[in-house]
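Enquirer: Here the protein sequences come in this chain order: F and X. Reading the first sequence from the start, the letters are residues 17 to 436 in my numbering. Reading the second sequence from the start, the letters are residues 17 to 436 in my numbering.
The set of hints was computed from the structure by calculation and includes no laboratory data. Note that the structure is a prediction, hence the values are computed from the model and not measured. It is possible that part of the hints are untrue.
Which copy is meant is left open, because identical chains are indistinguishable; a pair holds if it fits in one copy or across any two.
[Claimed, not checked] Here are the simulated DSSO-like pairs of lysine-lysine, each with C-alpha atoms no more than 27 Å apart in a straight line: (1) K386 with K431; (2) K423 with K195; (3) K358 with K98; (4) K100 with K240; (5) K375 with K353; (6) K375 with K50; (7) K345 with K50; (8) K433 with K195; (9) K358 with K431; (10) K98 with K305; (11) K253 with K377; (12) K47 with K271; (13) K253 with K423; (14) K245 with K195.
2 protein chains.
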Amino acid sequence: MPAMNAFYAQSGGVTAVINTTACGVIETARKHRKHIANVYAGRNGIIGALTEDMIDTNRENAKTIAALRHTPGGAFGSARYKLKGIEENRAEYERLIEVFRAHNIGYFFYNGGNDSMDTAHKVAQVSRKLGFPVQCLGIPKTVDNDLPITDNCPGFGSVAKYVAVSTQEAALDVLSMAKTSTKVFILEVMGRHAGWIAAAGGLAGTRPEDPPHIILFPEVPFNKRAFLKRVRESVIKYDYCVIVVSEGARYRNGKFLAEAGTRDAFGHAQLGGVAPVIAQMVRDNLGLKYHYAVADYLQRSARHIASATDVEQAYAVGRAAVQFALQGKTAVMPVIKRVSDKPYRWRIEEAPLSRIANKEKMLPKRYISKDGFGITEAARRYLQPLIRGEDYPPYINGLPRYVTLTKVPVAAQLKTKFVV
Amino acid sequence: MPAMNAFYAQSGGVTAVINTTACGVIETARKHRKHIANVYAGRNGIIGALTEDMIDTNRENAKTIAALRHTPGGAFGSARYKLKGIEENRAEYERLIEVFRAHNIGYFFYNGGNDSMDTAHKVAQVSRKLGFPVQCLGIPKTVDNDLPITDNCPGFGSVAKYVAVSTQEAALDVLSMAKTSTKVFILEVMGRHAGWIAAAGGLAGTRPEDPPHIILFPEVPFNKRAFLKRVRESVIKYDYCVIVVSEGARYRNGKFLAEAGTRDAFGHAQLGGVAPVIAQMVRDNLGLKYHYAVADYLQRSARHIASATDVEQAYAVGRAAVQFALQGKTAVMPVIKRVSDKPYRWRIEEAPLSRIANKEKMLPKRYISKDGFGITEAARRYLQPLIRGEDYPPYINGLPRYVTLTKVPVAAQLKTKFVV
């Protein structure tokens, strides 16, 4: 088979290690120039393919590509752009194949979450129908850790480590001041649908007196009375109370706490922020002094405190996707298979995209303690290895030396424009 | 002179490196047992002295004391407790001397900010008057960086590094998603009175297109029109806009933006958070998608990303305070004297507490760019060395191995109780 080009795109919310995966894809492809001549990266994800706006990665030197391994964010640009069903929007799929054909692209690597796996799956089907079969490989990426089959998702381990370390550190601060100052500290973390990230906060301590004293999961309906009782007890017993709350925490009726009806001076509903809602509840009902932090993007971009396990796995799934492609596989995704907990061992396997697309893996009930405010030993066994190891970026003058690509565009071949 | 004991207390908001200073004090004192028999640490700061509630540091082994160097928070407990003037509350000062006399305490090391330096100064005066002269040494500590004479304050360099790194990382995230998602990102940082911490965010970039695109300082009256204009320009020119805002940002009339009148569903004024106020302003006036983070305690407890310069200086001021005491000095504080910018060199000198107590060093005008939204080259020259170097804590199972003291209490000698 003559060498063809590959197309690589990042999709959805970025992570501290999605570029590590890009590094794994490009470095592995470069070892097989006979089969993969070049990797074209979509500028702003799949939009780059639709608009024929691609970056020529052969124009980036080896040192730059290697530096992707330790650079957070999405180096080529990512996008929240979901292709519709084939029947609803055949034009988009046909355009993709048109671009792939024009640029001799035989491999499609799509690095994202559930939606992206669905897209990769559909592109595989459509390309075959249109007589230009492209090998479509999904590559897992999501801080939400909600892809099925794979034991965990690259991106999650690093956000988990960030949340556990931050909880541990802030708790030491609060405890040392609790006598005369703040008694309740609230850390808001991501996870709109599932409590994986909030659960990671639980790694900060192991004994009942250790922080966090309360975790609020999206999976456990919020019970104000039980919550306030627990805050009071924690302050009485331990002098302070550290709370990790998922942005997706909600009432039994499904309403998010973050939408609890806070209004600005003009009466407009105020968006965002479950932490201030919890804080105000604590103040109004218990009269306790509080502080809150909202980690937001800091948590998923914190490459400076990335998990070495996560970095290694993020690279491995990128490398494996290329290897699978070279073996002639299509419509599959590399998954992480846990072989043992202690010592932690894992390997890469493959799973068909059809079994992954559009499915969500929720935090299992057995990971949440009976009272609903903490994690179980089973959860610890699962989570603990994922945050293990440090993989520091290089520094210069006190700041991480993150790389910026030159982003030389691939010359357009098509005369038609496509508007997304 | 026969050996006497020393009293050490932590005061006010803690930092990532206040325990490093404690480590410097205790390790240095241990080298001079002939003169300093033991270091008693106040539990919860000066309250521990008033209530005769002290921790016997001789009961902590050398390894534990060494581990204080890399442990954030206040290991002995800190307090926001300000002694009043001598005339208003002579009883408190007399009680302090009574406790010092009962425990043979000849050295008083007070590790804090402006208020604490005032207290240390007064204790020196009162102890002499009461015929039990105690050598009183102030030791600088504050993330606010607002103590006079000293070039900078231990604690600041690490929060500055945290803010610069976090700004850099979150900006990479936002930029990569800006095409289809968030265009404006706001990071709220500490600094109610002075913009030192916000200024540190400016280190994340050097060119106009680099983040942060806007810094909002307490020193520059907030101009809504100019601000919104700049946000719009940044999004047009660079595709995104990263804003670092000080919690102390305020209008010309002195009113904090954080008090801008947000109310909850019951009409109660909502406390805290300048970031949501800025975010809402951006949404309501420009219709741009935003995200915001509130760093809060995470920034001042982030020992995992401490500045090596800061750690070294925090230790040095603790060591110097003990050395000054052994040289018979009193009512002084070790200060950091900058010898040169490039290469950065510094040494420890001494300054009288009378020149430090109750004085604030504000961010100089020449550090703020003409448009009021950024920092100048002079600011960079000053700030840059302070964040330099990494000083990672040891890790175990993916988490920093922070130390907890055994905190063996010193047996009480007095029959009277003192209620604070």
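Enquirer: Hint by hint, work out which the structure violates, then give me just those numbers in ascending order.
Expert: Of the numbered hints given earlier, those the structure breaks are 1, 3, 4, 6, 9, 11, 12, listed in rising order.
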